[in-house]
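Protein chains in written order, with this note's numbering: chain A, 18 to 413; chain B, 19 to 121.
No wet-lab data here; the hints were simulated from the structure. One or more of the hints may lead you astray.
[As the list claims (entries may be wrong)] Non-contacting residues of chain B with respect to chain A, defined by C-beta distances greater than 10 Å in every case (computed):
no. : residue
1   : Asp53
2   : Arg109
3   : Pro120
[Stated by the list, open to error] Which bits of chain A does chain B cover? Going by a derived footprint, with three or more residues having C-beta under 8 Å, they are:
no. : region
4   : 60–67
5   : 297–309
[What the hints assert, rightly or not] Label pairs and their computed distance ranges (CB to CB):
no. : chain 1 : residue 1 : chain 2 : residue 2 : range
6   : A       : Asp244    : B       : Ala117    : 21 to 31 Å
7   : A       : Met302    : B       : Gly77     : 26 to 36 Å
8   : A       : Gly50     : B       : Glu105    : 51 to 61 Å
Backbone N, C-alpha and C define an ideal beta-carbon position, used for all residues, glycine too.
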Amino acid sequence: MNRRSVLAGAALIGLAPPAAQAGQCAQTQRGSGDLGIVIERASGSILIVETTGRSVLARVEGLGDLSHAAAVFSPCERYAYVFGRDGGLTKVDLLDARIVNRVIQAGNSIGGALSDDGRLIVASNYTPGGIRVLDAGNLTQLANIPAIGANGRESKVVGLVDLPGRRFVYSLYDCDEIWIADFSRSMTPELTKFTNIGRSPYDGNVTGDARHYLAGLFGEDGFAHIDLWEDHPAATRVFEGYNSGRDRQAIYKMPHLEGWGQTGATLVVPAAGQHEALTLDLNTMKEVGRTQLHGQPVFCVARPDGREIWINFAHPLNDTVQVLDTHLGRIVHTFAPGPAVLHLEFTPKGGEIWISVRDANRIDIYDVRSRTKIADIPARSPSGIMFSARAHRLRS
Amino acid sequence: MSRLSKAVATALTIMPSTVAVAESRPALISLVRQDCGSCHGMTLKGGLGASLLPDALAGKDANSVSSIILDGIPGTPMPPWRGLLTEADARWIAEQLKAGFPQ
């Protein structure tokens, strides 16, 4: 795709950079804790947005193929690292609204994570499979860890998340394994491999206490689970057989575990192939409930306090959002923001939720308590919305 | 996209074969780029699903590509699109994929 590098790719489309907009005086400084980005998936661009005034500050172009884009933020909340489908990794300065560096680190990538100390950027790749570790400062490659499983196959890597202590955990889609890579000692990581975790893990995530890693399984009915607090962790199965006795429906969009509904000691995840969300008791690791939904869920995103989970859906029922009240244990609100709701992001304390409505070319902003729409922002085919406050959150 | 929703709704409620293919083409292009793209990449060069570029499909004729689209590949995430797409739609998509899919 677009390989224009350093600076050349950044463009401001009739919008002033944040520093200039922040006040009369161009020198005015501003913080970055209320900033965020919106991925414009069709045009390889992002919007830099701010949640205080609910506005767009700038558009930055030249980020390549963003059809499956993910981003993480530096600990200072000034830089966003955007991972593109084309293997591109772009470091964007949110305050100056420009690309400070861009590399093509692989041929096909789906996401990444940043080490707890903010120094190592790890990309999870499809082609070639495996992970690449880059210096978060200058994006030079520090390590290349192929993912070749016990079955001898090279794997696509999914469900990569960071763990405290310069560690990362991820799943091998083609090898049915979960690996932990520990970079605390050197750039040749200590690898812990869990084999036979269940067939075809498609995504994974970890709870906010960095304790429970779960990977959704496509090839069978259930999720793989690892308790990372154990001295000798083992992979077990949870939600086993949740489809048994009924047909699994065709899936037109893979469910995602990012943002999953963790609330106290329970965890709500999207079922694969059912119009359901599944609830797990994290103390017993047993399924304790299922909630019937409007369609096949894609994201089950917990409000930061955990009381509510806002859910979007797969094609062709993707114009709707439902709200699950975790205290009452039922759906309390259903509404249709518009065609192709792709992503949801709460402001850090959960007062507002921003919703991307791809085919309306719009970001809708809702007041969470009254559930009323309070603003919208034009965007081109928006997908992911990510706020800089993610930099300081353990779970992804 | 409202055209796509309409096309899909029509396909679901009325006889699928009554949807005029020509009429739904912009919607089909968008469906392939966006919704096939969520697994195959918007440039169709592959993601969780295989590459759908002409090179990658060179070994398959339009008929077999079209039946993969309609019936999916059991045991993999490739879903059957029968019910959402007509046979004529699938055939058109298959031919366009093999020729190089329009933007």
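Return the numbers of the hints above that this structure violates; sort them in rising order.
1, 4, 5, 6 and 7
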